[in-house]
Amino acid sequence: MRTLQIINVRWFNATAWYGLYLGTLLQRAGHETRMIVMQNTPGALKAHEWGMQGVHMDLNTAHPFRLMRTYGQMHRLVTGFRPDVVNCHRGEGFMLWGLLKKQLAGGPYAFKLVRTRGDQRLPKNNAVNRWLHTDVADAVVATNSVMARHFTDVLHVPASKVHTIYGGVDADRFVFDPQGRERVRAEFGYGEGDFVLGLLGRFDEVKGQKETIEAVAALRRQGVSNIRLMLLGFDSATPQSVVEGWMRDNGIEDISVITGKRDDVTACLSALDAGVVASKWSETIARAALEIMACARPLISTDVGVMPDLLEADAMFRPADVDALAQAIRRVASDAEYRSLLLEQQQSRIRSLTGQQFLDQTLSLYNSILRK
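All letters in the sequence shown, in the order written, are residues 1 to 372 by full-length UniProt numbering.
It is worth saying that the hints were derived from the structure and are not from the lab. Treat the hints with care, as some may be off.
[Said to hold, decoys possible] Pairs of lysine-lysine, DSS-like flavour, derived with a Cα cap of 30 angstroms:
#, residue 1, residue 2
1, Lys161, Lys112
2, Lys112, Lys280
3, Lys112, Lys101
4, Lys102, Lys124
5, Lys124, Lys372
6, Lys112, Lys46
7, Lys112, Lys102
8, Lys46, Lys280
9, Lys124, Lys101
10, Lys261, Lys124
11, Lys124, Lys112
12, Lys101, Lys46
13, Lys161, Lys102
14, Lys261, Lys280
15, Lys161, Lys372
16, Lys161, Lys124
17, Lys372, Lys102
18, Lys101, Lys161
19, Lys46, Lys261
Take these sequences, add in the hints, and give me the full structure.
Here is the structure:
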């Protein structure tokens with residue numbers, strides 16, 4: 001099978017990761033795959049780093065001349081590469097791929113079109129979107145149940161066309177590392193009695209670093225003296241200096257660390273005693289949650305996006321609520337039986353969310369539409 005993965009994303013965010021990881025899985029499994037990426041972007045660099053062939057296209061432009069040039073580039077790529085499936089991971093350019101599909105339908109260059117919706121915005125219920133997703137796309141992939149229900153209940157896309165695929169985690173790479181745990185805890189000066197809470201994610205308001213810092217500070221004031229905070233993140237929409245200012249203002253500089261970019265993420269995750277997803281919205285693709293769970297660390301989370309699809313209700317709390325977050329942290333830090341229960345539930349769940357299952361689910365979908 002030959003596929004095109006359309007990943008015209010400016011940043012290496014969860015949407016870009018989902019598409020790029022899927023493309024690498026397909027390529028490794030023997031399915032020739034090309035990545036359509038934006039030139040000089042983190043996504044293009046990551047595709048190259050992962051050994052994938054990136055094709056640069058200006059799919060995000062609104063300039064008529066550039067759109068015409070891009071459409072010609074698309075046509076040449078399809079007639080030369082002859083993909084069986086084109087999978088669009090962003091909305092920009094989806095209309096162009098839909099028009100090209102219609103133009104080539106019934107001929108030797110016909111292809112099937114899939115739209116994967118992994119961003120936080122629900123699609124608008126208008127005539128164009130209903131036409132694109134119902135009449136043009138052969139299948140729609142939602143990365144969480146909220147998005148899937150929106151397609152069926154609001155846009156009235158037939159349920160047979162809507163598929164929920166959460167993604168997956170590299171189970172060979174992300175696994176609990178006891179030696180790495182010991183090394184990283186020693187590096188940051190953690191003692192045996194310290195309880196290390198970790199938040200994995202880029203520095204951005206949506207990720208809830210500020211609320212997590214405030215919750216940890218509140219617990220410290222309440223006498224939870226062994227709490228420690230590890231932020232596994234780096235500059236993004238929010239500069240690191242701002243995050244450091246939050247730590248300083250809340251008086252927890254001495255019990256907090258920022259790892260920055262690390263090559264030993266698995267060891268850092270293994271060094272945690274619990275992980276937290278504190279996102280205030282979004283989290284429609286839960287890469288960080290999957291990696292924490294795969295490293296056998298108990299996880300608590302806000303109840304946003306895909307998280308209710310992954311965790312039991314007992315592991316979740318309200319978003320942007322510092323008091324609720326502090327209560328959740330206190331419970332996971334003080335109740336060993338609760339931690340064991342979370343770990344048992346989440347280890348059972350993560351076994352169905354590996355990269356291999358991500359690949360198998362996607363191939364099953366692709367093969368089903370190719371048979372039609």
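A quick look at each hint next to the structure:
1. For the given pair, Lys161 sits about 13 angstroms from Lys112 by alpha-carbon distance, which is consistent with the 30 angstroms threshold.
2. For the hint linking Lys112 to Lys280, the alpha-carbon distance of about 36 angstroms lies beyond 30 angstroms, and the restraint is violated.
3. As the CA atoms of Lys112 and Lys101 are separated by approximately 8 angstroms, the hinted pair is consistent with the 30 angstroms bound.
4. Annotation: proposed proximity of Lys102 to Lys124 holds, straight-line Cα distance about 23 angstroms (limit 30 angstroms).
5. Of the pairs offered as hints, the one joining Lys124 and Lys372 holds, with about 28 angstroms between alpha carbons and a cut-off of 30 angstroms not exceeded.
6. The straight-line distance between the Cα atoms of Lys112 and Lys46 is roughly 26 angstroms, inside the 30 angstroms bound, and the hint therefore holds.
7. Of the pairs offered as hints, the one joining Lys112 and Lys102 holds, with about 10 angstroms between alpha carbons and a cut-off of 30 angstroms not exceeded.
8. Between Lys46 and Lys280 the alpha-carbon distance is near 27 angstroms, which keeps this suggested pair within the 30 angstroms criterion.
9. About 22 angstroms separates the Cα atoms of Lys124 and Lys101, which keeps this hinted pair within 30 angstroms; it holds.
10. Restraint check for Lys261 and Lys124: the C-alpha separation of about 37 angstroms exceeds 30 angstroms, so the hint is violated.
11. With a C-alpha separation of about 23 angstroms, the suggested pairing of Lys124 with Lys112 holds against the 30 angstroms cut-off.
12. Restraint check: the Cα-Cα separation between Lys101 and Lys46 comes to about 28 angstroms, which is no more than 30 angstroms; the hinted pair holds.
13. For the proposed pair Lys161 and Lys102, the alpha carbon gap of about 18 angstroms is at most 30 angstroms, so the pair holds.
14. Between Lys261 and Lys280 the CA atoms are separated by roughly 23 angstroms; this keeps the pair inside 30 angstroms, and the hint holds.
15. For a cut-off of 30 angstroms, the pair hint linking Lys161 to Lys372 stands: about 12 angstroms separates their Cα positions.
16. Restraint check for Lys161 and Lys124: the C-alpha separation of about 18 angstroms stays at or below 30 angstroms, so the hint holds.
17. As the CA atoms of Lys372 and Lys102 are separated by approximately 16 angstroms, the hinted pair is consistent with the 30 angstroms bound.
18. Taken as a hint, the Lys101 and Lys161 pair is honoured in the structure, with Cα atoms around 17 angstroms apart against an allowance of 30 angstroms.
19. About 14 angstroms separates the Cα atoms of Lys46 and Lys261, which keeps this hinted pair within 30 angstroms; it holds.
Of the numbered hints listed earlier, those contradicted by the structure are 2 and 10.
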